[in-house]
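Same order as they appear, the protein sequences are chains A and B.
If you count by UniProt numbering, then the first sequence holds residues 1 to 466, one letter each, in order.
If you count by UniProt numbering, then the second sequence holds residues 1 to 466, one letter each, in order.
Because the hints were derived from the structure by calculation, they are not lab data.
Some hints could be false.
Note: identical chains are not told apart, hence a pair may lie in one copy or across any two.
Straight-line distance between alpha carbons at most 30 Å, and here's what the computed BS3-like set of lysine-lysine pairs gives [as the list claims (entries may be wrong)]:
(1) K231 with K301
(2) K273 with K448
(3) K301 with K448
(4) K184 with K231
(5) K273 with K434
(6) K240 with K301
(7) K231 with K448
(8) K273 with K440
(9) K376 with K417
(10) K448 with K184
(11) K184 with K417
(12) K376 with K434
(13) K450 with K184
(14) K301 with K184
(15) K448 with K376
(16) K376 with K187
(17) K301 with K440
(18) K231 with K434
(19) K273 with K240
(20) K417 with K273
Protein chains: 2
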Amino acid sequence: MTFTLQQALIPVDQGYTTVDVRVVGDTITAISPSLEVVGTVVNCENKLLLPGFFNAHTHSPEMWQRGVIPPLPLELWLAELYDFAPLEVEKVYLSALGTAVETLLSGGTSVVDHLVLIPGQEIETIAATIQAYQAVGIRAFVAPLIWDQSLISGIPSGENQAENSIPGRSAQEILQMLEEAINKFHKPEAGVYILTAPTGIQLCSDELFVGCGELSDRYNLCRHSHLLETKAQQLLAQEKYGCSAVEHLNRIGYLSSRTSLAHCVHLTDDDIKILAETQSTVVHNPLSNLRLGSGIAPILKYRQAGVNVSFGCDGASSNDSQDLLEAIKIGSILHNVTDLDYQHWITPRQAVEMASLGGAKGLNLGEQLGSLTVGKKADLVLYDLTNLSLLPRTDPIGLLMLGRPTQVVDSVWVDGKRVVENGRVSTINVDDLKQELFAKSEWVTNRKSKTVSEFEAHYRSVMGLS
Amino acid sequence: MTFTLQQALIPVDQGYTTVDVRVVGDTITAISPSLEVVGTVVNCENKLLLPGFFNAHTHSPEMWQRGVIPPLPLELWLAELYDFAPLEVEKVYLSALGTAVETLLSGGTSVVDHLVLIPGQEIETIAATIQAYQAVGIRAFVAPLIWDQSLISGIPSGENQAENSIPGRSAQEILQMLEEAINKFHKPEAGVYILTAPTGIQLCSDELFVGCGELSDRYNLCRHSHLLETKAQQLLAQEKYGCSAVEHLNRIGYLSSRTSLAHCVHLTDDDIKILAETQSTVVHNPLSNLRLGSGIAPILKYRQAGVNVSFGCDGASSNDSQDLLEAIKIGSILHNVTDLDYQHWITPRQAVEMASLGGAKGLNLGEQLGSLTVGKKADLVLYDLTNLSLLPRTDPIGLLMLGRPTQVVDSVWVDGKRVVENGRVSTINVDDLKQELFAKSEWVTNRKSKTVSEFEAHYRSVMGLS
Numbered sequence: 001m002t003f004t005l006q007q008a009l010i011p012v013d014q015g016y017t018t019v020d021v022r023v024v025g026d027t028i029t030a031i032s033p034s035l036e037v038v039g040t041v042v043n044c045e046n047k048l049l050l051p052g053f054f055n056a057h058t059h060s061p062e063m064w065q066r067g068v069i070p071p072l073p074l075e076l077w078l079a080e081l082y083d084f085a086p087l088e089v090e091k092v093y094l095s096a097l098g099t100a101v102e103t104l105l106s107g108g109t110s111v112v113d114h115l116v117l118i119p120g121q122e123i124e125t126i127a128a129t130i131q132a133y134q135a136v137g138i139r140a141f142v143a144p145l146i147w148d149q150s151l152i153s154g155i156p157s158g159e160n161q162a163e164n165s166i167p168g169r170s171a172q173e174i175l176q177m178l179e180e181a182i183n184k185f186h187k188p189e190a191g192v193y194i195l196t197a198p199t200g201i202q203l204c205s206d207e208l209f210v211g212c213g214e215l216s217d218r219y220n221l222c223r224h225s226h227l228l229e230t231k232a233q234q235l236l237a238q239e240k241y242g243c244s245a246v247e248h249l250n251r252i253g254y255l256s257s258r259t260s261l262a263h264c265v266h267l268t269d270d271d272i273k274i275l276a277e278t279q280s281t282v283v284h285n286p287l288s289n290l291r292l293g294s295g296i297a298p299i300l301k302y303r304q305a306g307v308n309v310s311f312g313c314d315g316a317s318s319n320d321s322q323d324l325l326e327a328i329k330i331g332s333i334l335h336n337v338t339d340l341d342y343q344h345w346i347t348p349r350q351a352v353e354m355a356s357l358g359g360a361k362g363l364n365l366g367e368q369l370g371s372l373t374v375g376k377k378a379d380l381v382l383y384d385l386t387n388l389s390l391l392p393r394t395d396p397i398g399l400l401m402l403g404r405p406t407q408v409v410d411s412v413w414v415d416g417k418r419v420v421e422n423g424r425v426s427t428i429n430v431d432d433l434k435q436e437l438f439a440k441s442e443w444v445t446n447r448k449s450k451t452v453s454e455f456e457a458h459y460r461s462v463m464g465l466s
Numbered sequence: 001m002t003f004t005l006q007q008a009l010i011p012v013d014q015g016y017t018t019v020d021v022r023v024v025g026d027t028i029t030a031i032s033p034s035l036e037v038v039g040t041v042v043n044c045e046n047k048l049l050l051p052g053f054f055n056a057h058t059h060s061p062e063m064w065q066r067g068v069i070p071p072l073p074l075e076l077w078l079a080e081l082y083d084f085a086p087l088e089v090e091k092v093y094l095s096a097l098g099t100a101v102e103t104l105l106s107g108g109t110s111v112v113d114h115l116v117l118i119p120g121q122e123i124e125t126i127a128a129t130i131q132a133y134q135a136v137g138i139r140a141f142v143a144p145l146i147w148d149q150s151l152i153s154g155i156p157s158g159e160n161q162a163e164n165s166i167p168g169r170s171a172q173e174i175l176q177m178l179e180e181a182i183n184k185f186h187k188p189e190a191g192v193y194i195l196t197a198p199t200g201i202q203l204c205s206d207e208l209f210v211g212c213g214e215l216s217d218r219y220n221l222c223r224h225s226h227l228l229e230t231k232a233q234q235l236l237a238q239e240k241y242g243c244s245a246v247e248h249l250n251r252i253g254y255l256s257s258r259t260s261l262a263h264c265v266h267l268t269d270d271d272i273k274i275l276a277e278t279q280s281t282v283v284h285n286p287l288s289n290l291r292l293g294s295g296i297a298p299i300l301k302y303r304q305a306g307v308n309v310s311f312g313c314d315g316a317s318s319n320d321s322q323d324l325l326e327a328i329k330i331g332s333i334l335h336n337v338t339d340l341d342y343q344h345w346i347t348p349r350q351a352v353e354m355a356s357l358g359g360a361k362g363l364n365l366g367e368q369l370g371s372l373t374v375g376k377k378a379d380l381v382l383y384d385l386t387n388l389s390l391l392p393r394t395d396p397i398g399l400l401m402l403g404r405p406t407q408v409v410d411s412v413w414v415d416g417k418r419v420v421e422n423g424r425v426s427t428i429n430v431d432d433l434k435q436e437l438f439a440k441s442e443w444v445t446n447r448k449s450k451t452v453s454e455f456e457a458h459y460r461s462v463m464g465l466s
């Protein structure tokens, strides 16, 4: 497939210019003020062209519970989430479709799905999710979410506790499943990447982390994990290891330039130095961090220390959306209240770079993706600058990053293939998807989480809540 | 005009029920599981009916500069804003149309426009704005933004400073203009309300505040003002008055149950007590407070102290949008990081009440507006629950408040008149508006604010920035 984008507005230095862009196959082959037309012509008048963004951390099956979990901190929220997690592969397929559609229509061309697996149907869950992402045509980074300790062990006990293993789910069994998934599904040339992804220090043994590191080395995979999302996890790390979680993960070799870490809310300055030295990436999920009361990640400090930062929506029941533009906006402006000196604040152009090149670097693909550069893959998004939410005309990137753009994505290409056209996803029937999501759900008036009621008194006591 | 909404989902206690709603003229006259049809029938199947929300603080002409002011704190941002403020009445008309449309399409039926006036054309500015709001059909609270001291006096000097008056704009001249506007435009029965609205202690003399209080009493008007938006204003109040701004405003009699105060970021516990005692309302503008780095207003403390709180978008160049659902979402979840105890966090249902009844109370209209109650005015919004962003079905209000709903507003009635139908504004031609906004603007690549460069060194020095 060859096509020429004609007269697209693109950012240069401090301003903008209008260019033609040629794409041959999956690659950007030329960018110039005026190009001879080759292949299909796409008129880009009054449209802004940017590299596709990365939804660098989410959990697609959470879409089934968006809007319904009450205001709770992560540890209790998680208890409720797991009580009502979808257990049908077909549902997982549908929520992956929904996640992909919402990501594409808010500027994302890649999704990192830290995928919660249906117990006993782990491989089927992964297969269905990948099938959905391929149907929509989004670049898919699937990170099967694994852990080998019981949920209660993720809450500090107030005293050192023995690790709680789960009968029948040893680290070795889980790693075998993961290796099977890698062999079956990891196909970068087809836009499908498997990541190793233990959920985090709160529920994983060292054996699981080390095993994931070995698989990552053996198969050249990126590594993913949650890291220090909450105050409780910070306490827990001290209980478990007698040091910070970052020090521990560094000691056991999980941190690297291929490692991306979701949240990173409660890190010390020493921890930040370790992230910089190991070239790890922080994935910032601002909406989830607010919704769960986790805190404000020290993103300006990360940037000053040279740590790469990208953005994620996080799962749709801790956000409760998959609108990437919203996550980028809030993830940019939120930090202005943490530093009086506005010269450190994230500019709209810096936000674009974090969301695109930052995302690519965090997945070890900075050479192939994340910018409008000849030779890079054609993961492109075209924004309609005549939409009311982007008017009157001022600074296009400022409007996009700081405003609340709705329905502004005109076209999206992933790997050179067009997947959104005239504001509509062209690869699947979204009306059908809506009907299926509607039919397979019901309005919830009251539901009670058994696990929350079991955990709550202990949580309040450990966290010093009266 | 009489109509019957059939089978709308509405919230009751902890759950939902389906009802018919009858509207006669401007009033809700019956709500019941099943009503005899009177007048036009509106099918509300799979739709959620809520009272209209209040966009309780904005500045409509700022729409002309949205997306373009760089990351700056309020005092410098304001300098740039004023350097490039629109000076044509026609532009003010268009941005009021835009503000009304975006507010309606995000659940708002009322807008409080703290209206920046074109110097020398103050009455014309107000007239054009009201004309726009009446054309769209939104309930309009127009609060002409007045001040009588020069812009530089809004920045603390580091020492006590004399008040800087502006030649030719005495408090008395301004108050005369305001009284003329009141006599010309204040028509509550037509949905147009004038408020007294000195911009704030940073740029206003006591004479101006006291004069506004007198006009408010004489004409039974609500009162509005900015209050302690920034750290700099907190310093300035101590310089000017030797006490907090709240103490001072209370002493000169500006606080009352008809007074709504935008921002309220930097208040002490004693200040909060004064707001509670005077029954003043806080208008929370979370996005603007983040964007300008002003801080996080202590909203949970206000609620615990019994202070009424509503939500505003603030002007579109400090947000940079007029999406009320976004402001409500962020204004709800933002505070979860300020209090470890999740039992204090704002629930989605509480957010709805703040945005509707809270807004009405802040404008002394709690008896007439703000809830689905027989006898109240029919300011109603109907949300389409089959929109992808509200699927799968879970808790409708949770989805609406915590998600990122786009294009979900199906219908809006203000004062019993339908102004949005099938997701489209029916009173004006929005395509024409888009074309005019496009034609009257241009993409900005570089602009330099003269006043920012004049103020910046002084600001940095006073604020202790190296």
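Next item on the list: Taking the numbered hints from earlier one at a time, note which ones the structure violates and give those numbers from smallest to largest.
Entry: Hints 2, 4, 5, 8, 10, 12, 13, 14, 15, 17, 18, 20 not satisfied by this model.
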